[in-house]
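Q: Sequence:
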Amino acid sequence: LQVLVPLTGLSFWMFCSSTECKGEEKVTQPPGDVILTQGQTATLKCTFSTTYSDPYLFWYKQEVNSYPKFILRRSRYVADNSPEFVKDRFDAELKDSSVPLMIQDLHVSDSAVYYCALRPTEGLPVQKDRSWFLSTAQLVCLGHDGFIQFISAHLLIIAASKLAKALK
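With mature numbering (1 follows the signal peptide of the UniProt record, and there is no 0) as the guide, the letters of the sequence shown map in order to residues -18 to -1, 1 to 150.
Don't read these hints as lab results, they were simulated from the structure. Mixed in with the good hints, there may be bad ones.
[As the list claims (entries may be wrong)] FRET-style restraints, in silico, Cβ to Cβ:
#	residue 1	residue 2	range
1	86	45	31 to 37 Å
2	65	34	16 to 22 Å
3	51	27	18 to 24 Å
4	89	47	32 to 38 Å
5	60	33	30 to 36 Å
[Stated by the list, open to error] Below, in silico cross-link-like pairs of lysine-lysine (DSS-like), each with a Cα-Cα straight-line distance of 30 Å or less:
#	residue 1	residue 2
6	51	27
7	51	8
8	8	27
9	69	51
10	51	77
11	8	77
12	69	8
13	77	27
14	27	69
Heads up, the beta-carbon is just placed ideally off N, CA and C, and yes, glycines get one too.
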């Protein structure tokens, strides 16, 4: 028996040193799961607020029993994707306060937990203990046979040094 566990509410976590936390940065995703079938297009919403003029927004994908994989990064001047997640299928447009992730032509293998992350860019280069703000959403893609893959929601708190390794 396979069961879909729904998200129970909004997830918001931050990691920062005491001198960097302003309390004005946040990233949120709507609660609940997105359930679609193969071939459809998914739009995973992510809204943010920040006092920084050019923040970096990231999307990550985490499959069951795996580490988060970098999908893409967006800022006012940067729009790049991991080679594994081509822009033809995985794309996001940075707007004033949102960066929705669009996944086209869904495959069952797209079922995962997706993380939206905000990183303020003031004070670059990135230093250890830099602030990261993360939120989660679940996407479940049903196969044509109608079976649901079990996905559990995870919260993620990572120091900047570990995220840098994930971007390589």
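Q: So, for every hint listed, does it hold in this structure?
A: Consistency of the hints with the structure:
no., hint, result
1, 86 <-> 45: 31 to 37 Å, "19 Å, violated"
2, 65 <-> 34: 16 to 22 Å, "28 Å, violated"
3, 51 <-> 27: 18 to 24 Å, "20 Å, holds"
4, 89 <-> 47: 32 to 38 Å, "19 Å, violated"
5, 60 <-> 33: 30 to 36 Å, "19 Å, violated"
6, 51 <-> 27, "18 Å, holds"
7, 51 <-> 8, "21 Å, holds"
8, 8 <-> 27, "14 Å, holds"
9, 69 <-> 51, "15 Å, holds"
10, 51 <-> 77, "23 Å, holds"
11, 8 <-> 77, "15 Å, holds"
12, 69 <-> 8, "26 Å, holds"
13, 77 <-> 27, "12 Å, holds"
14, 27 <-> 69, "17 Å, holds"
Violation of the numbered hints given earlier is confined to hints 1, 2, 4, 5; the remaining hints are satisfied by the structure.
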